[in-house]
Amino acid sequence: MSELARILLVEDDPRDVELTMTALGEYNLANEVVITRDGEKALDFLYCRGEFSTRSKDNPAVMLLDLKLPKVDGLEVLQQIKSDERLKLIPVVVLTSSQEEKDMMRSYKLGVNAYVVKPVDFHEFVNAIKELGVFWAVINEPPPGSVKKAP
Amino acid sequence: MTDRAEVSTGVGARLTLARWNIESHGIRSPILRYGLSVVSVAIGLGLSLLLQHYQFHDVELPVLTLSVALTTWYAGAGPSVLAILLATACFNYFFAEPIYSFDVSSRDLPYFFVFLAWAVIVASFAAVRRRIEENLRQARDHLQVEVEQRKRREDEIRILNKELVKRATELETSNNELESFAYSVSHDLRAPLRHVVGYSELLQKQASSLLDEKSRRYTRTILESAKRMGNLIDDLLAFSRIGRAETKKTLVSLDQLVKDVVAETRLDTGGRDIVWKIHPLPVCYGDRSMLRLVIGNLLSNAVKFTRMRAQAEIEIGCADGEDEVEVFVRDNGAGFDMQYVDKLFGVFQRLHLPEEFEGTGIGLATVRRIIHRHGGEVRAEGGVDQGATFYFSLPKAQDAAERTADTL
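Chain order of the listed sequences is A and B. Taking numbering that gives the first Met the number 0, the leading residue of the first sequence gets 0, the next gets one more, and so forth. Taking numbering that gives the first Met the number 0, the leading residue of the second sequence gets 0, the next gets one more, and so forth.
One or more of the hints may lead you astray.
To give an idea of the interface, some chain A residues facing chain B are shown, with a C-beta separation under 8 Å as derived from the structure [unchecked claim]:
1. ASP12
2. THR21
3. GLU25
4. TYR26
5. ARG48
6. ARG54
7. LYS70
8. LEU74
9. GLU75
10. SER96
11. SER97
12. GLN98
13. GLU99
14. VAL119
15. PHE124
Rather than coming from a laboratory, the hints here were simulated on the basis of the structure. Bear in mind the structure is a predicted one, so any value in this text is a computation, not a measurement. Using N, Cα and C, we set each Cβ at its ideal position, and we do this for glycine too.
Take the sequences, apply the hints, and build the full model.
Here you go:
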């Protein structure tokens, strides 16, 4: 497991994972990404449980969260993170196909930090992911207790 | 519900009682009625004689008049007269001196007349009471019929209400289904599309040098089609959202709205020569963002379909009707063949080739849906190469506001 888990990507679709990683790879951020494929695994990672029990205790600098996930869905993960004192500071970006107002409202009410609709156009998609990665993992100063960026 | 049941039991009991009364009063057969007259006087006579036998004197007067009264009460006028005659005869024969003769001694003559007068008075009292009772009974019958009718109507209303609740539930279910349908389209249909676009792009990048021109055109077509499908899905979702969204109605100045939209449109048509003719427009009552979409769609259509004109003319105005206003947007653009006018407002219906004018064909469908949700109508006029005019009507601000206030 990479010690530099600055970005936690929660995405169930392997193709979306590949496309996202391709986009992040263009800014050399790919090796700082931890991928979990469902909400349960994402919570395991954040709470250092199960297969993640040996990881360093630092929080990721940003979490890219899909909404439609197996087992525990994105909104449930978001709710749990934002109601936990130790985790609520982690910046969470919802990254989803859904443009539904209902999803947006619920995400913002739960305290999401950003809501990004995955563009269908690949260039726009790559740009969106790249900008997100750069902003949250490089430009933004994460809250104390997060993984530090490489010097 | 139980209250209602109790009330109806109460009413039922009262009705049964009333019916019993009516039956006991309403002896209709003449034989029975006159029979009652005879029997009642006979019983009265028997009773009087019996009492007299046991040394109770002077009871015949009240007992026999009671017989007359009962006959009048239950059998009516004719039997009453018979009862009076019979009772008088009995009185005369059995109780007025000389006894056992129909003669009346001069000493008992006043007594005899008193009896007769008394019997007549009692009979007429009974008759009057009977008439009053009759009237009351009629009123009660009338009321009873009304109560039953009301009950029937209440039952009907209850059935209709139940039906309505059922319909509402069904509607809600289908609305929810529609919502979850749109939701899954939004979530699940766009993901594979994104992958088609993404991987085609990657393929183009990766294998561009290996592919010949034909293959490169194929990948380009895949990309374009996928993007087009993305637009269609987005448009369809937006369209369905308009149908599901609540309309938040306020007073909207169409003047201001048109000015805003025109200003916005001008930014995108910098190089073109467009003459805007904007007439004064009224204030109407509606959902501002939806009406903005209507005007936006109509104006962007007008701009799009006048593209080939050296000088485009777009005119916006309105005709003031009695209880509605009709706004029009007129252009001197490509126009359309009036025989296809019915297709104009359909979803994904287009009257031009995609090479001529871009677009998915959702704009006018959206306009119609929004206007219908506002209680208005849309129509269009035009000719090929002679421009087009699109009309939409809206209820007047005052009327619409009042109508809404009424329903609140």
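Does the nearest C-beta of chain B fall within a distance shorter than 8 Å of the C-beta of A:SER97?
5 Å, holds
Status of the A:ARG48 interface restraint (C-beta, 8 Å, chain B):
28 Å, violated
Hinted contact A:GLU99 with chain B - closest CB pair below 8 Å:
5 Å, holds
If you take the shortest Cβ to Cβ gap from A:TYR26 to chain B, is it below 8 Å?
17 Å, violated
A closest beta-carbon separation below 8 Å is what the hint needs, so does A:LYS70 meet it against chain B?
16 Å, violated
Just to be careful: measuring from the Cβ of A:LEU74 to every Cβ in chain B, is the smallest value less than 8 Å?
Given a least distance of 12 Å, the restraint on A:LEU74 is violated.
For the restraint on A:THR21, tell me whether the closest CB of chain B is nearer than 8 Å.
7 Å, holds
Under the criterion of a CB-CB separation shorter than 8 Å, is A:GLU75 in contact with chain B as hinted?
Constraint on A:GLU75 not satisfied, violated at 16 Å.
Does the CB of A:SER96 sit less than 8 Å away from some CB of chain B?
This hint holds: A:SER96 lies near chain B, its Cβ roughly 4 Å from the closest one there, short of 8 Å.
Taking 8 Å as the limit, does the beta-carbon of A:ARG54 come near enough to a beta-carbon in chain B?
29 Å, violated
Hint status (Cβ of A:ASP12 to nearest Cβ of chain B, threshold 8 Å):
Hint holds; A:ASP12 Cβ to chain B Cβ min 6 Å, cut 8 Å.
When the least beta-carbon distance from A:VAL119 to chain B is tested against 8 Å, hint result:
4 Å, holds
Against the hints set out earlier in the document, violations occur for numbers 3, 4, 5, 6, 7, 8 and 9.
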